[in-house]
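Trainee: Sequence:
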Amino acid sequence: MKLYTASLAYAAKHSDRLQQLRLKGNMVCLYGDCSRRAMKLEHIREANVFAADNGEFIFSGCYSLYDVRSAYLPETIRILRERGIRYAFRLEDPAACGGTLDFAISDPSLSNDRYTYMVRFKDETEKDAVVPECQPYCTFHFLDPLNAYLIFNDSDPKKAVLSIHDALRINEEDIVFLSEDSEL
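Mapping of the sequence shown onto our numbering: position 154 corresponds to residue 154, and the numbering continues sequentially without gaps.
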């Protein structure tokens, strides 16, 4: 048995290939920027292991396999708080199947259904001041001109997946990272 790992972009183009790998008794791990909830709801047929939040949280079914949040999280929250930016960071509850815990929230109306780290700016001026200040710690992925989700610069889905081989009882050499130029 192998663990085949692919991005959500790869899965969108090659879902049939991933399904064939699963039918042969392999495990398939998908990684992406979205939250546990979104990964499970949208991709449960394509994979049985998921790396949410760009690899910060890995799970299979209701089992948490990896939960290592960014070292830049406290500094980013400090900047957002000092600048009066609206944010909602609700982390996965590793003890609950799909639940979240309020971690740092200044605007409870922000939804974390799709992304864990949500930010809302009141205007372009506020956005132009904060984005460069946070650049050493995270990137902002804008859903519209003033709403974004964050991905931290120290998150790495490949590194995270390599750390879970013991939990899945898979040798590190049996972990395969798929890309567009992968041959199977």
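Just so you know, these hints were derived from the structure itself, not from any lab. Check the hints yourself; a few may be wrong.
Cross-link-like lysine to any residue pairs, in silico, SDA-like; alpha carbons within 20 Å at most [as the list claims (entries may be wrong)]:
1) Lys24 / His14
2) Lys127 / Ile79
3) Lys158 / Asn48
4) Lys122 / Ser109
5) Lys2 / Ser70
6) Lys158 / Asn26
7) Lys159 / Asp16
8) Lys158 / Pro145
Per label pair, the in silico range of CB-to-CB distance [what the hints assert, rightly or not]:
9) Ser106 / Lys24: 39 to 49 Å
10) Arg114 / Ser15: 34 to 44 Å
11) Lys158 / Gly25: 17 to 27 Å
12) Glu82 / Lys2: 17 to 27 Å
13) Asp156 / Gly99: 19 to 29 Å
14) Leu23 / Glu126: 48 to 58 Å
15) Arg169 / Asp123: 47 to 57 Å
16) Glu82 / Ser15: 39 to 49 Å
For every residue, glycine included, the Cβ atom is placed at its ideal position computed from N, Cα and C.
Trainee: Hints first: check each against the structure and report whether it holds.
Mentor: Okay, the hints, checked on the actual structure:
no. : hint                        : verdict
1   : Lys24 / His14               : holds, 16 Å
2   : Lys127 / Ile79              : holds, 12 Å
3   : Lys158 / Asn48              : holds, 16 Å
4   : Lys122 / Ser109             : holds, 14 Å
5   : Lys2 / Ser70                : violated, 28 Å
6   : Lys158 / Asn26              : holds, 18 Å
7   : Lys159 / Asp16              : violated, 26 Å
8   : Lys158 / Pro145             : violated, 30 Å
9   : Ser106 / Lys24: 39 to 49 Å  : holds, 48 Å
10  : Arg114 / Ser15: 34 to 44 Å  : violated, 20 Å
11  : Lys158 / Gly25: 17 to 27 Å  : holds, 23 Å
12  : Glu82 / Lys2: 17 to 27 Å    : violated, 47 Å
13  : Asp156 / Gly99: 19 to 29 Å  : holds, 25 Å
14  : Leu23 / Glu126: 48 to 58 Å  : holds, 50 Å
15  : Arg169 / Asp123: 47 to 57 Å : holds, 52 Å
16  : Glu82 / Ser15: 39 to 49 Å   : holds, 44 Å
Hint check: violations occur at hints 5, 7, 8, 10 and 12; the rest are consistent with the structure.
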